[in-house]
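As they're listed, the protein sequences go chains A and B.
With numbering that gives the first Met the number 0 applied, the first sequence has no gaps in its numbers, which climb one by one up to 244 at the end.
With numbering that gives the first Met the number 0 applied, the second sequence has no gaps in its numbers, which climb one by one up to 320 at the end.
Calculated directly from the structure, the hints in this document are not laboratory data.
The model shown is predicted, which means the values in this text are computed figures rather than measured ones.
Some clues are possibly wrong.
[Claimed, not checked] Cβ-to-Cβ under 8 angstroms is the rule here; a few derived chain A residues that face chain B:
| hint | residue |
| --- | --- |
| 1 | Leu63 |
| 2 | Asp65 |
| 3 | Gly122 |
| 4 | Met127 |
| 5 | Gly158 |
| 6 | Glu161 |
| 7 | Leu236 |
| 8 | Ala241 |
| 9 | Leu244 |
[Stated by the list, open to error] Listed next, with one range per pair, are the computed distances between beta-carbon atoms:
| hint | chain 1 | residue 1 | chain 2 | residue 2 | range |
| --- | --- | --- | --- | --- | --- |
| 10 | B | Gly11 | A | Ser190 | 36 to 46 angstroms |
| 11 | A | Arg186 | B | Met182 | 42 to 52 angstroms |
| 12 | A | Lys181 | B | Pro244 | 19 to 29 angstroms |
| 13 | A | Ala51 | B | Thr189 | 45 to 55 angstroms |
| 14 | A | Thr19 | B | Lys318 | 47 to 57 angstroms |
| 15 | A | Ser17 | B | Asp123 | 21 to 31 angstroms |
| 16 | B | Gly11 | A | Tyr162 | 13 to 23 angstroms |
| 17 | A | His87 | B | Lys148 | 16 to 26 angstroms |
| 18 | B | Glu120 | A | Ser27 | 45 to 55 angstroms |
| 19 | B | Ala167 | A | Thr55 | 54 to 64 angstroms |
| 20 | B | Ser169 | A | Phe224 | 49 to 59 angstroms |
| 21 | B | Asn241 | A | Asp80 | 32 to 42 angstroms |
Think of the CB as a built atom: it goes at the ideal place given N, C-alpha and C, for glycine as much as any other residue.
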Amino acid sequence: MKILVCISCVPDTTSKISFTDNNTKFNSSGIQYIIGPYDEYALSRAIELKEAHGGTVTVIHVGLADNEPIIRKALAIGADDAIRINAHPHDAWFVANEIAAVAASENYDLILTGRESIDFNGGLVHSMLGELLNLPSLSPVMKLDINGKMALVAREIEGGKEYIEIALPFVAGCQEPIAEWKIPNMRGIMSAKTKPLKVVEPSVHKINTQTLSYELPPAKGACKFIDPSTPEQLIELLKTEAKVL
Amino acid sequence: MSVLVFAEGSEGQIKNSSLEAVSYAALLAEKLNGKAVATVIGSYTNEALSAIGKAGVTKVLHVADEKLAKPMAMPYASVLAEIAQRENAEVVLLPRSSLCDSIAGRLAKKLDASIATGVTELPDISSGFRVKKSIYTGKAYAWIELTSKVKILTLAKNAVAPMQKDSAISVEQLQISVPDGDMAARITQTEKATGDILLTEARIVVSGGRGLKGPENWHLVTELAKALGAATGCSKPVSDMNWRPHHEHVGQTGVKVSPDLYIAIGISGAIQHLAGVNTSKYIVVINNDADAPFFKAADYGIVGDAFQVVPKLIEAAKKLK
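The following block holds chain B by itself, in its conformation from the complex (with noise of 0.2 angstroms):
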């Protein structure tokens, strides 16, 4: 029996979301006396996959085929299902990501296997297969009873902090083949920024709001962010508006962070809002309204004008490296 986990890159590194799930498949691995095996698909340094093992598993699939540089779901979902196979998988580890969601589905029906999305710590197995999961948009949390052989679970972010060892990796390379039908959508082109820390994986995300008056103001933001090593993050009326692109809208119709540290600019705290970061372990408030919701979600807050509050801030977090 073995736990396999799908350990999913950026820019040839392993992303922290994943060293997080491959963390998690060790720690279930010993709970369930298996073995844990990760996956990687794509073109990997060794270098790059020793992460895996300082995250604690020591065994790595690599399947380096050039056809699937550029993740795709439906191939994905055929090689993770041929891999847990072959591993005689009972638990498949995804964290949760654009990607990984459209693997999970297509996974569960060739798996036949039970499947629980935004599961936010390790199963409770005294009695069945138990997981706690994420739902109305972190609102709620849900327990649910996993029946089938197999189970499939997609991992919230901080679902476990990821471990810390010194252990070596073993890679075996494979080749998987994929069927044609695999390959129907053909990508013509990516749009990505380089180098900005991803907002979902980020641990501080800076975010502004409708009273920074206009994209022209952004770099408070920015300039905060880059002095804490912070992704940049916008409320909805903000992209809505254009003055930043639709993938920093953070929130209920947006992306859904868990930072460690939320700083919140100019927003006022729709509950729209707080939805998509209600899970973040620290919140600070900045608005110059007092009654602002926001701050009745928020752990620290200051009540005044942005635009004399940030450049200070700016000041004394540069002076912290």
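Just chain A, with the same shape it has in the complex (with noise of 0.2 angstroms):
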């Protein structure tokens, strides 16, 4: 089976955001970069799907070369290979055209991504990714199990799930609880140096949108206690004074 992971380069779920040049630019000083957490629950079932149903599984990547850190993590878990497409990931269009061009001629039978980046939150690329290769598409996938040329999927809807029955292939943007994270060992971590990693030129080029300019939530007032003795006092003034009872 030939697995494709599509990976995102975000800033680790603990950063705190701020941003520059007059709310222009993302401050990255300071940032630790990680894999997309949803990702990487994507890449940790393709690891496990590999090794019960044998196969390889490439991970790709468009960011520019500071990025390459994080496709080394993800060789390091345990990935074969990894391309990555030399460009600044411009918007959730030009991402997934990108990677539609590479992934066109390479009859994957399956093509994972995370459910969205937590960056810009826009979980479109794999939706985008099916409609640009002619693909059927499926997230969020929290359960991802093959048979043969079918593939038995749960998928999340709001307030419980749905289970699905798809043949290969498809696209899937995964989340939890679909595979453990898995941490890489001093094995895996040497043999990454020496991966194929190939990096390959923007084709397509295709963007339609342009990010103006960045803004931060209003900063939140001090929190009101209550005596514990009295919590009653709580609903009064939710209903009072917030006004939302």
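Each chain sits in its own coordinate frame; assemble them with the hints.
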């Protein structure tokens, strides 16, 4: 089985977000970059599927050379090879078009992404890829098992889940608990250094949005504390002051 | 020129988030001097559809095909693309949901449209078409310019307040055939808690964390939620330990909620949890640790033992009715 996993490079979930240059640029000082958490679930499941059914796992990333450490981490976790499309990931449409251009001739059995990136939270790349490659797409996928040419998928819906049968190949946007994250071991880290990482230049160059500026939410006021011996006062305040009850 | 809005339903009723989208469509159409049109897919009674008129859009296109009774992103995207072209739609609006996220990307390709997800207010059309969207999981916003002729927006909760109008709808029944390839995914089973208030739709959410010590104590959360007409949520450790189902997990990698009121019981407020709730209008934190980071994000707080405090809250909440 031939699996492609698309990974994004995003600020660590504990990052304090701020902007510079009159709120037109992300302030990356002190920020630690990681594989998108949802993408890492996708990667972990891809590696489990490879272990169970054989095959290869390729990771693909749209980003500049600065992001290579997270690609090496994906290789250390267990991917066999990697492709970096050498461009700033301008928007979801750009990323999906560039990945689709590479994937079109490769006949992957499965293309996995995270359900969304945690920087722009678009949640679009999986369905755009599906449409561009003329493949079905499903998201958010929380369970994915393969049985021959068929896949059994559980997709989270509001208030529950639905189970789906679908033939390979298709695209899935993944989320927990599809797999446990894998910690790279020493052998993985050593072998990652020599695994193939191919750099290709972007070929489609399609964009249809421009990010103009950023804003932070207004600061929260101070918390109003209520005496724990009279919690009914809280209900009163929520009714008369906040007017939400 | 028209503004097309997809109104999504649940259990035969139009969802609140969709009614917000309908009102957004009405306001935007007025701004753009166009007309607003709503589309529903699946089986709805005229009474259920009348909610769309009350929210501000009177023209409703109803695709009641039996094959499309279960919500599926691929055929729904094809239906919406055909209707958007037929109605000469320059803006297509969708509420934000797991279904609509999957529709949106396919629709963007089909309509060659610019797209922004999680839009939080009406666009600025004074120069170009600019929208404000939530980024970094609610930690910031970005202003984005959409440069294509056709624009698709998915809306964050509370992007506008739903209108309360007294207008009657005119419903047109449509037949639209979808390609066989769109039916590649076969839904074999759906597990859904019926009758519960959906977490993403709820005006009030009551959530519990590890401070509640075990699933056997969850009646504190569910009883308070019931008394307040709220949905129930939980922190990530709680769903990881299987005290509660995953669809209740609120946070960075779980469900993001924006209710009017979020009540957190026994949740310390790790930054990943805050990312899922930080767009709530009011946050109440109940925790026995005065140093819990959640209090910094709270509007109201009680430092105290949940097992003492919450039963009293439940009593007080019951008296509200």
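We went through each hint and held it up to the structure:
1. Leu63: Hint violated; leucine 63 of chain A Cβ to chain B Cβ min 20 angstroms, cut 8 angstroms.
2. Asp65: Since the shortest Cβ distance to chain B is 19 angstroms, the answer is violated.
3. Gly122: holds, 4 angstroms
4. Met127: At 4 angstroms from the nearest chain B Cβ, methionine 127 of chain A passes the 8 angstroms test, so the hint holds.
5. Gly158: This interface hint holds because 5 angstroms falls under the 8 angstroms limit.
6. Glu161: At about 5 angstroms, which falls below the 8 angstroms cut-off, the nearest Cβ of chain B leaves the hint on glutamate 161 of chain A intact, so it holds.
7. Leu236: Since the shortest Cβ distance to chain B is 6 angstroms, the answer is holds.
8. Ala241: holds, 5 angstroms
9. Leu244: holds, 6 angstroms
10. B/Gly11 <-> A/Ser190: 36 to 46 angstroms: Since glycine 11 of chain B and serine 190 of chain A have Cβ atoms about 55 angstroms apart, the given range 36 to 46 angstroms is violated.
11. A/Arg186 <-> B/Met182: 42 to 52 angstroms: Once the Cβ atoms are compared, 45 angstroms apart, the range 42 to 52 angstroms for methionine 182 of chain B and arginine 186 of chain A holds.
12. A/Lys181 <-> B/Pro244: 19 to 29 angstroms: Taking Cβ atoms as reference, lysine 181 of chain A and proline 244 of chain B lie about 25 angstroms apart, which means the hint holds.
13. A/Ala51 <-> B/Thr189: 45 to 55 angstroms: Between alanine 51 of chain A and threonine 189 of chain B, where Cβ atoms are some 27 angstroms apart, the hint is violated.
14. A/Thr19 <-> B/Lys318: 47 to 57 angstroms: holds, 52 angstroms
15. A/Ser17 <-> B/Asp123: 21 to 31 angstroms: holds, 23 angstroms
16. B/Gly11 <-> A/Tyr162: 13 to 23 angstroms: Hint holds: Cβ distance 22 angstroms, inside 13 to 23 angstroms.
17. A/His87 <-> B/Lys148: 16 to 26 angstroms: holds, 25 angstroms
18. B/Glu120 <-> A/Ser27: 45 to 55 angstroms: violated, 27 angstroms
19. B/Ala167 <-> A/Thr55: 54 to 64 angstroms: holds, 60 angstroms
20. B/Ser169 <-> A/Phe224: 49 to 59 angstroms: holds, 54 angstroms
21. B/Asn241 <-> A/Asp80: 32 to 42 angstroms: holds, 36 angstroms
Hint compliance for this structure: hints 1, 2, 10, 13, 18 are not met, and every other hint is.
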